[in-house]
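*Asks:* Sequence:
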Amino acid sequence: MHSRPAAGAALALLSAVTFATSGTFARSLIDAGWSAEAAVIARVGIAALVLAIPALLSLRGRWQVLRSNATAIGLFGLLGVALAQVCFFNAVRYLPVGVALLLEYLGIILVVGWMWLRHGQRPRRLTVAGSVAALAGLTFVLDLAGTADFHPVGVLWGLGAAFGLAGYFVLAGRVDHRLPSVAMASGGMAVGAAVLLLIGLTGLLPLHATFGEVTFAGQPTTWLLPIAGLSLVAAVIAYLAGIAGTRILGPRLSSFVGLTEVLFAVLIAWLFLDELPTGWQLFGGGLIVAGVALVRLDELRGTPSTSDPVPSEPALASRP
Numbered sequence: 001m002h003s004r005p006a007a008g009a010a011l012a013l014l015s016a017v018t019f020a021t022s023g024t025f026a027r028s029l030i031d032a033g034w035s036a037e038a039a040v041i042a043r044v045g046i047a048a049l050v051l052a053i054p055a056l057l058s059l060r061g062r063w064q065v066l067r068s069n070a071t072a073i074g075l076f077g078l079l080g081v082a083l084a085q086v087c088f089f090n091a092v093r094y095l096p097v098g099v100a101l102l103l104e105y106l107g108i109i110l111v112v113g114w115m116w117l118r119h120g121q122r123p124r125r126l127t128v129a130g131s132v133a134a135l136a137g138l139t140f141v142l143d144l145a146g147t148a149d150f151h152p153v154g155v156l157w158g159l160g161a162a163f164g165l166a167g168y169f170v171l172a173g174r175v176d177h178r179l180p181s182v183a184m185a186s187g188g189m190a191v192g193a194a195v196l197l198l199i200g201l202t203g204l205l206p207l208h209a210t211f212g213e214v215t216f217a218g219q220p221t222t223w224l225l226p227i228a229g230l231s232l233v234a235a236v237i238a239y240l241a242g243i244a245g246t247r248i249l250g251p252r253l254s255s256f257v258g259l260t261e262v263l264f265a266v267l268i269a270w271l272f273l274d275e276l277p278t279g280w281q282l283f284g285g286g287l288i289v290a291g292v293a294l295v296r297l298d299e300l301r302g303t304p305s306t307s308d309p310v311p312s313e314p315a316l317a318s319r320p
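What the sequence shown shows, in full-length UniProt numbering, is residues 1 to 320, in sequence order.
Calculated from the structure, these hints are not laboratory results. Since no wrong hints were added, every one of them can be taken at face value.
Label-pair restraints from in silico Cβ distances:
hint, residue 1, residue 2, range
1, His-151, Thr-71, 32 to 38 Å
2, Thr-215, His-177, 44 to 50 Å
3, Leu-201, Leu-156, 24 to 30 Å
4, Trp-63, Leu-297, 36 to 42 Å
5, Asp-176, Arg-124, 27 to 33 Å
6, Thr-71, Glu-213, 40 to 46 Å
7, Leu-135, Thr-221, 36 to 42 Å
8, Ala-136, Val-65, 42 to 48 Å
9, Gly-212, Phe-283, 36 to 42 Å
10, Trp-63, Glu-213, 43 to 49 Å
Note that the structure is predicted; figures quoted are calculated from it, not measured. By construction, the Cβ of each residue, glycine as well, lies at the ideal position given by its N, Cα and C atoms.
Put together the whole structure using the sequences plus the hints.
*Replies:* The following block contains the structure:
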């Protein structure tokens with residue numbers, strides 16, 4: 001009885017840890033000459049192929065479900081996968097991994113505004129307090145006082161990732177309950193990879209990669225290591241663990257646990273890249289995490305109608 005929640009929490013934490021490695025793996029490729037777009041295509045393309053088999057098995061021949069959700073999967077792939085990941089990987093070119101991820105997680109606050117403006121769901125006081133705390137934390141993370149290098153381009157990429165993440169939560173929360181989560185993930189990643197590849201081939205997006213030695217954790221290694229890390233660890237394992245954890249804990253609680261991804265990302269970047277935000281940025285990051293946690297806590301306390309679209313109940317436990 002008590003082992004199931006413990007197992008669910010362990011799977012949710014595993015999902016958060018593995019998702020948190022993506023920025024560190026991507027940084028080694030980008031520093032070696034890869035474009036962010038090429039790194040995203042490699043990550044989600046390989047992951048989509050690996051997840052294709054469990055996705056097909058989960059559908060059990062219900063192709064009409066896949067067809068009826070084709071538009072939702074397409075939008076999910078464009079916003080939640082392609083936009084969010086391209087912007088995040090471009091952000092880590094200019095910013096510490098932890099700072100870039102903190103900017104992306106502001107997307108959860110954007111969802112609050114979207115639900116208020118679009119659906120008239122006025123936030124409760126706890127959500128307002130969390131949003132204010134997160135925005136206050138943003139001023140410290142940006143370190144406008146100048147104690148750390150300020151890269152406006154990186155900040156814009158990070159905020160672009162926040163919009164992508166907001167789209168991910170909104171779309172995932174409205175998905176047909178008949179569509180298995182793994183099918184949504186595999187289909188969305190396939191769409192994201194295909195669209196980025198097509199745009200890249202036209203020359204509108206930079207699409208270049210190198211296939212020699214890269215530096216990871218201060219050591220020279222083959223480019224295959226970060227590619228395997230991005231696609232298998234930071235995508236396949238992360239998604240499967242997140243899905244399994246969600247089935248045990250439920251989407252709200254598992255997504256709450258998923259907030260630890262930010263903390264794990266800072267720790268991993270420190271261990272492998274010797275990259276640590278300034279003291280004020282860490283303080284601001286704490287405010288952002290606390291603010292987002294308050295928003296999540298408010299959602300856990302709420303009892304919305306099942307007919308309402310609830311973006312905080314994504315098909316997957318954590319971010320794309």
